[in-house]
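S.K.: Residue numbers (numbering that gives the first Met the number 0), protein chains in the order written: chain A, 0 to 403; chain B, 0 to 403; chain C, 0 to 403; chain D, 0 to 403.
Think of the hints as simulated: they come from the structure by calculation, not from any bench.
Glycine residues also receive a C-beta, built at the ideal position from the N, C-alpha and C atoms.
Mixed in with the good hints, there may be bad ones.
Stated by the list, open to error - Computed list of lysine to aspartate or glutamate pairs in EDC-like fashion (alpha-carbon distance at most 20 Å, straight line): (1) C:Lys-116 - C:Glu-103; (2) C:Lys-141 - B:Glu-278; (3) D:Lys-116 - D:Glu-131; (4) C:Lys-149 - C:Glu-103; (5) A:Lys-314 - B:Asp-313; (6) C:Lys-222 - A:Asp-402; (7) A:Lys-287 - C:Asp-286.
Said to hold, decoys possible - Covered, in the sense of this in silico footprint (three residues per stretch, anywhere, with C-beta under 8 Å from a C-beta of chain B), are these stretches of chain C: (8) 302-308; (9) 360-367.
Stated by the list, open to error - Take a look, some chain A residues computed to stay more than 12 Å from chain D by CB distance: (10) Pro-25; (11) Glu-50; (12) Thr-130; (13) Ser-194; (14) Glu-201; (15) Asp-205; (16) Lys-314.
There are 4 protein chains.
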Amino acid sequence: MEYNDSETARDLAERARAFMDEVVLPTERAQPGGEPVGEETIADLREQARERDLYAPQIAEEYGGMGMDFRDVLPLFEQAGRSILGAPAMRVDAPDEGNMHTFELVGTDEQNEEYLKPLVAGDISSGFSMTEPMDGGGSDPKMLRTTAEKDGDEWVINGHKWWTTQGSAADVLLVMARTNEDAHPYEGCSFFLVSPDVDGVEIVRDIPHVGASVVGESHAEIKYDNVRVPEANLLGELDQGFQHAQQRLGPARLTHCMRFSGMATRALDVAKAYLSEREGFGSPLADKQALRYEIAEAETRLHAVRATVRDAADKIAAGEEARIEVAMSKVFAANATQDAIDTALQCCGGNGIGKDLPIGDFYEAVRAFRIVDGADEVHKRVIARDAFEDVDEAELEALTRYDG
Amino acid sequence: MEYNDSETARDLAERARAFMDEVVLPTERAQPGGEPVGEETIADLREQARERDLYAPQIAEEYGGMGMDFRDVLPLFEQAGRSILGAPAMRVDAPDEGNMHTFELVGTDEQNEEYLKPLVAGDISSGFSMTEPMDGGGSDPKMLRTTAEKDGDEWVINGHKWWTTQGSAADVLLVMARTNEDAHPYEGCSFFLVSPDVDGVEIVRDIPHVGASVVGESHAEIKYDNVRVPEANLLGELDQGFQHAQQRLGPARLTHCMRFSGMATRALDVAKAYLSEREGFGSPLADKQALRYEIAEAETRLHAVRATVRDAADKIAAGEEARIEVAMSKVFAANATQDAIDTALQCCGGNGIGKDLPIGDFYEAVRAFRIVDGADEVHKRVIARDAFEDVDEAELEALTRYDG
Amino acid sequence: MEYNDSETARDLAERARAFMDEVVLPTERAQPGGEPVGEETIADLREQARERDLYAPQIAEEYGGMGMDFRDVLPLFEQAGRSILGAPAMRVDAPDEGNMHTFELVGTDEQNEEYLKPLVAGDISSGFSMTEPMDGGGSDPKMLRTTAEKDGDEWVINGHKWWTTQGSAADVLLVMARTNEDAHPYEGCSFFLVSPDVDGVEIVRDIPHVGASVVGESHAEIKYDNVRVPEANLLGELDQGFQHAQQRLGPARLTHCMRFSGMATRALDVAKAYLSEREGFGSPLADKQALRYEIAEAETRLHAVRATVRDAADKIAAGEEARIEVAMSKVFAANATQDAIDTALQCCGGNGIGKDLPIGDFYEAVRAFRIVDGADEVHKRVIARDAFEDVDEAELEALTRYDG
Amino acid sequence: MEYNDSETARDLAERARAFMDEVVLPTERAQPGGEPVGEETIADLREQARERDLYAPQIAEEYGGMGMDFRDVLPLFEQAGRSILGAPAMRVDAPDEGNMHTFELVGTDEQNEEYLKPLVAGDISSGFSMTEPMDGGGSDPKMLRTTAEKDGDEWVINGHKWWTTQGSAADVLLVMARTNEDAHPYEGCSFFLVSPDVDGVEIVRDIPHVGASVVGESHAEIKYDNVRVPEANLLGELDQGFQHAQQRLGPARLTHCMRFSGMATRALDVAKAYLSEREGFGSPLADKQALRYEIAEAETRLHAVRATVRDAADKIAAGEEARIEVAMSKVFAANATQDAIDTALQCCGGNGIGKDLPIGDFYEAVRAFRIVDGADEVHKRVIARDAFEDVDEAELEALTRYDG
């Protein structure tokens, strides 16, 4: 099932599939279940991705990537998602991927020289510091209370952040702060680049959470107490932080859909192998119709994920408005992938719970997807508002029959 | 949301939408709820469709249609589905549409002259006589027990058919019968053209059923007792009946998906109008989040239906194998449309049950869709078989860790 | 599975089961599918119910019933539900059952002599006239616009009713009207007894609807235009109409749960027989695990319906508050029975849609259950309000950790 | 909602609730999220449980428990489940609870003196060593390959076990081994008591898995290589191992249902507090209808869990067969509790994923419940077999109408 991808996209995805099958999955399988994966393993995988011309495909060549079009890279993300090691290997791993994308979009030459190039090279890592304690889903911009005030030629940042992805390991933090109290909530916020070594930055802890997984995905609680950064550390335009976040998020939502689709696909691959190898009550489990049908349903929903994500990406690539299509793809993908992984886990019984197979990690990892990048509820809200926007006048008219 | 339809397809669908909004829906609304629609009403709608160049778009011009490509007509079907009167109006109504398609595919010049042209014109109607009493879903070809035996230059047909769509009103019946007992079940069957007036044809009754609806959709029980037809009444090739049925069914499954998608879309349109107009417990029902979210979910699934159906149609149009894509589209669409219509009905409360609104008819009509054109179970069986076809060797190998 | 029913209840239910198996179901099966059942058939079944001491068990002996306790009659309702003819046969059929219950609760001796006794005897029938055109679900009392004004020693009723169950066949109508405009919406309404022959009563039509079924379940649109009734036709206390409706509804919701549980149970019985008898793709359908598991899930949910309904009934019988338990039972039962019947229909393929089997009728009949007796949304609203009533203080306190 | 529990049961559960609210939950909240809980904390909680007369209620007084009836203790389990610390605190924690129950059922006086008493006291702990690598769900007895052969007055055990709960911390292991190769798979197995210090016992590792949680729930991989134990270490009757496992499992399945019901109830309590405290888009989240309704649905299903579990327990307490009722309760409870916890997690957004709240741990812990104690598929298999056991003859007969 190849959808309407271009030749370029198909070729890239095929090579990514081979890389996953030949390099990444064997590496993953050789890791002891549940153990963190070492940095040298990731470095080695990246080296091999570079050799195969599969490294940072989405980044401009001048910064060290392959300079490919978003729409053409999209199918590669599904391949990357087949192992938790896939995205780091091909340098399409969150949050660096999104941060690199932001630099490309709005970074100055100096910023890109200092941060983007070494990020692409994998020499440094970055944290995304936006969510705050009172805003569980990061959904409502009115919740943002961290401030940055101008003092001379410096900005002074004060606030308390939660869920700063990769915050405790980052060489640079992208911090969202309110820079204009009087503006509409969606306006008046800005991004700043903050080094964790600057005075006043306190990495309180890594927040314990579901889905820390083998690559040590971490989210830090960070306090910013009179943190001073120079003017040049403003990233993007003043007061346009939410706009920049949106620019970053639109395509990112689709790439995440593909990444989790790959994860769910892999979970089903493992489950199908498991059912084929195992017997129960006198016949191979793969012959038991009920689980077969659940897998058929899961495969069907993942097919729909792939088709809707591509439809949204086509519109974005064509420069069309695709807000509703993205929202629909995201909420549908998040639920379809969680369901598929849950089904796969159930197929493997006790070994589905165990972490010798990758499904246990996937089960923990996928749960965040219905919450981040806009929670289910936020997307349904957007979709519903659109659905009720133009209520059909003739249908309304027809209802007058009930007016009695 | 316009998907990757061609300009031609979009134009046709847009004109169909206007025809539905301006002519068909007002006609539907003017009908007393629950009452059968008269033949003259249908004839009048067809006249207007002809005037608007929307009549029988899928049929070759030489037979009276518009000679358009299957892929380009596809989106029109969704428009047609928005009212139970839409498909008859544009002459894309089952079973005649499928029967006409079969004539086009395999009919002789004489047969097409005698039957296809008047069918397209709407001067005669046809019945599709395949399912038998013991085969509830029409799914298993081994069930077919009706026989046709050669006697001189005639075929003698004996059997008992169930669910012969439009059988009691038909001018000609397309009857599937076994012509070769020794062949594999999928082979050895053939189609015959049988006039209901011939000796031995007994229209036992119209089988009472859920979803008879306002256009009097009927399915007859018919007995064929030594019915004799001349050799020339063989339709298509000898022993190739199932192959012809499949040729007909592939694209037909997709057009039905679109037709029911249109029905579900209309149901949601009515529901949204209803919720907007009505109040309960102090505020418009449209402000109640729970129903809004259910509608958002229904819209999302219908969007996925439209995207997957087009994906399958693209493959068919490109001459590629699309069996799995069609199966997935069909089973997904059947469930998504049933759910959406059920949600819409619930939104309208008691008036959803009532037949002043069209939703009650839709609720009854849609239920067959998970059974006809291959029941859910049949499609899941096909999808599962495909899913288990190439179990990943490396995943199997990785399981040896459990061998103890 | 016998639950904690009393000996009396079990004996009654067992005898009802025998009556259904030996008399009612054979009668049902002998009816041509989809055809209305004649009055003489019902009269004959009632005669046999009387002979077996199974007639109107819930009504006091002085009015012609068996004088049994609500809790003891409860399991009989499930038996009655196994055929659409069961409830009429044992005279536990809506709306007469609820109307008779209302007479027992609040009727005067004269009213009970004039109406209740002949109702119990089956000599007359009654209509329940409460819902209005603007109130789809009959849920919000503020919607009630019909008024009754005192004029001398008569009440003058004006209004427009919708869904007056059995309205076009009734000898007496129970009409709810507002008698006090200044009162709180839940107060200030009263019930009146109105003969359909009185001047000003216009039976506009039977509203066409899903689920009319073989016993011709009908709901009339009725206009009351200056309808005058004597003071003695006030049923129950002045301004207490909603209270009387609630008194009637509490236990009635549970009996309806049991009736629909019986319907769903029967649907599964038919489906299991069908699957056992039919073959597909080389083996009995009953051996196909997927449908077996769906039936197992349906049976499990119906078991939960039976357990929760009894739990609520125990509390009502003990004089305890059971509003939440009733709401939970109702919403759970309505969804579980709709799902079970849908599953049963799917098991029977085309013949599930057909009306030779009873499932098609059940499918149409059950759909109203999620709307009447309080729509799903109304019950969930009640349950949620209760759930949020006493939010745990300690849990709230624990959340201060996020205050930053 | 108090169901039909006895006074004794209600009193016990009420006191357990107070203990949880006043002691266990504050202790849990004081733990750093995601960190393992120390042994001294558990010891302290047990001390307080003893003081409140809530310690080991299910164990006979002679062994150090409270000697209460299974049915009366049942509701306490729900209270215990409200925190992961609850079951250890009241000494109703798996696997010791089940192991203690087995000792009580079949242990000799010597065995009970040596193992049961110190187990009840909390001085030692025990492991349950039954599942094997090839048997993911522990469901099919034919899978058991570990053997015990008699050699003189010793048994020699050889095998490879998987998922030996608490195996790496146990002072004694209950090992199931095949003692009779010729017997029916369900017969011919026996339990043995094995000290982990004996020659030939190799604790390979703790299997990494989803849901290790704060009390360090562990499952070991263990190899038994010519492990010799004296005859006296046979636990229960020879060749009756599976029967003993069943005796243990019947009531245990119900207590686990209650424990997980408590966990789910707590998750909803936390979610309700969270929604009440937090705002989003201008109003408290608790006012958003969609999440309210999902909570209402979750509460309704948990109510059904409580009612069905009690129904099954009543039958067991009355000495009746309750296999189907237990299977239905188990499969329904496992799915209802997983769903409720998933809903609760979603309500709390990012903080639902985080482990400062207990929901994240619950999410991981509950996933095993659909697999252990008989996987969903095993219970559905049992329920379906029972459902198809007595297919109604009259319904079968009625189907002959389709024989044509």
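S.K.: May I ask which of the numbered hints given earlier this structure violates, with the numbers listed in increasing order?
M.R.: Going through the list in order, the structure violates hints 3, 4, 8, 12 and 15 and respects the others.
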